[in-house]
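Protein chains in written order, with our numbering: chain A, 1 to 199; chain B, 1 to 185.
It is worth saying that the hints were derived from the structure and are not from the lab.
Just so we're clear, the structure is a prediction, and the values are computed from it rather than from any experiment.
Among the hints, erroneous ones may be present.
Stated by the list, open to error - When the alpha-carbon atoms are kept at most 30 Å apart in a straight line, the in silico DSSO-like pairs for lysine-lysine are as follows: (1) A:Lys-89 x B:Lys-4; (2) B:Lys-7 x A:Lys-61; (3) A:Lys-122 x B:Lys-7; (4) B:Lys-4 x A:Lys-122.
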Amino acid sequence: MLKRLFKDFKNGLWRENPIIVLVIGMCPTLAVTNTVQNGLAMGIATSFVLLSSEIVISLFKKYIPNNVRIPSFILIIATFVTFTDYFLKAFFPDIAASLSLFIPLIVVNCLILGRQEAFASKNPTHRAIADALGMGLGFTWVLVVLSAMREFFGMGSIFGIQILGSWYPSMVIMILPAGAFISLGILVGIMNAIKRRGN
Amino acid sequence: MDTKISKLVLTLTVIGIISAVALSFVYQWTNPYIQKHQAEARQQAIRSVVPQAEEFEEVEKKGQTFYEGYDEVGNRVGVAMIASGPGYQNVIELMVGVNINEEKIYGIKILSHEETPGLGARITGQEYKSNFEDKPFGDYTVVKRAPQTELEVEAIAGATISSTSVTKIVESAVKQIQNAYGGGA
Numbered sequence: 001m002l003k004r005l006f007k008d009f010k011n012g013l014w015r016e017n018p019i020i021v022l023v024i025g026m027c028p029t030l031a032v033t034n035t036v037q038n039g040l041a042m043g044i045a046t047s048f049v050l051l052s053s054e055i056v057i058s059l060f061k062k063y064i065p066n067n068v069r070i071p072s073f074i075l076i077i078a079t080f081v082t083f084t085d086y087f088l089k090a091f092f093p094d095i096a097a098s099l100s101l102f103i104p105l106i107v108v109n110c111l112i113l114g115r116q117e118a119f120a121s122k123n124p125t126h127r128a129i130a131d132a133l134g135m136g137l138g139f140t141w142v143l144v145v146l147s148a149m150r151e152f153f154g155m156g157s158i159f160g161i162q163i164l165g166s167w168y169p170s171m172v173i174m175i176l177p178a179g180a181f182i183s184l185g186i187l188v189g190i191m192n193a194i195k196r197r198g199n
Numbered sequence: 001m002d003t004k005i006s007k008l009v010l011t012l013t014v015i016g017i018i019s020a021v022a023l024s025f026v027y028q029w030t031n032p033y034i035q036k037h038q039a040e041a042r043q044q045a046i047r048s049v050v051p052q053a054e055e056f057e058e059v060e061k062k063g064q065t066f067y068e069g070y071d072e073v074g075n076r077v078g079v080a081m082i083a084s085g086p087g088y089q090n091v092i093e094l095m096v097g098v099n100i101n102e103e104k105i106y107g108i109k110i111l112s113h114e115e116t117p118g119l120g121a122r123i124t125g126q127e128y129k130s131n132f133e134d135k136p137f138g139d140y141t142v143v144k145r146a147p148q149t150e151l152e153v154e155a156i157a158g159a160t161i162s163s164t165s166v167t168k169i170v171e172s173a174v175k176q177i178q179n180a181y182g183g184g185a
């Protein structure tokens, strides 16, 4: 049983990674990954919402009639997102300010609704927790790698710490939306190459 | 399809009620902190544009909110207001602090913007903001070289639109303050 839980957890990290393999949740992926701090905060916020809603939905799935399951999931997800929004605004105002609109937009992140539909509504709670942790972590690590690439090439810094000196001509395009597409494409390409070699 | 409508309605209603109750507790818990941060941020912004002031008072004039700054003996040393206008990508909101008696701008602070990082976003930098420090009231022109007269504002290289937007917002804010405080009299 422990083996299966571990498999559920590992699933999201690599084999079914939400961003690189499933290519879902693109809106925050492309929009907030211009600095490592933003990418990490977004990853943690999304993981929290994913974990809490998977727990609640897998616990109460028996009582939710099939015809209204999607609106019910959305209501539950929206509750946790609103909680996250208030919480960040109250205790981490700087992060809340730099992510601004993208926190409420977690509601429509298809990663979250997708996992409820595909996993939490069909599996017992302990497996849902493993799935949420794996998917959340899988989402977060890709965001962090992506934002590290963009921040490094775009500003010569990582986590706000200047690494390259002033001789480095910042590639502004990496911080702009176009840079998000370019880095994501390169990242997916690298991952596919690694996978192919593994096979 | 055999689930009764009443059960569907009941399910959604129950979830809605539970969510609403839970969130109103969260709101009550977090709102004081949120209010505090907002007040602090505003306070700091006012302080940075009217540096001589020790105390501030919120005044409503002609449907606009102004922040009057007083020094320790109670003289009004400056007035600040929040103004906004269209930028290159989205609305730019900034605060302007002026010295009414000498008809001079103390300085500006950008509160929120979505200008291009690395280009238009440099409106928040000291280099650009210093364009407005100690400026007399008037109509400003944006130039792409070092300013030669007091009323010229040096544009940020590659971000003329952002530079012009900020200048326009500042200009209109100054006019509003002059209007409300019997400008030029």
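Problem set entry | Hints breached by this structure | Of the numbered hints, just 1 does not hold.
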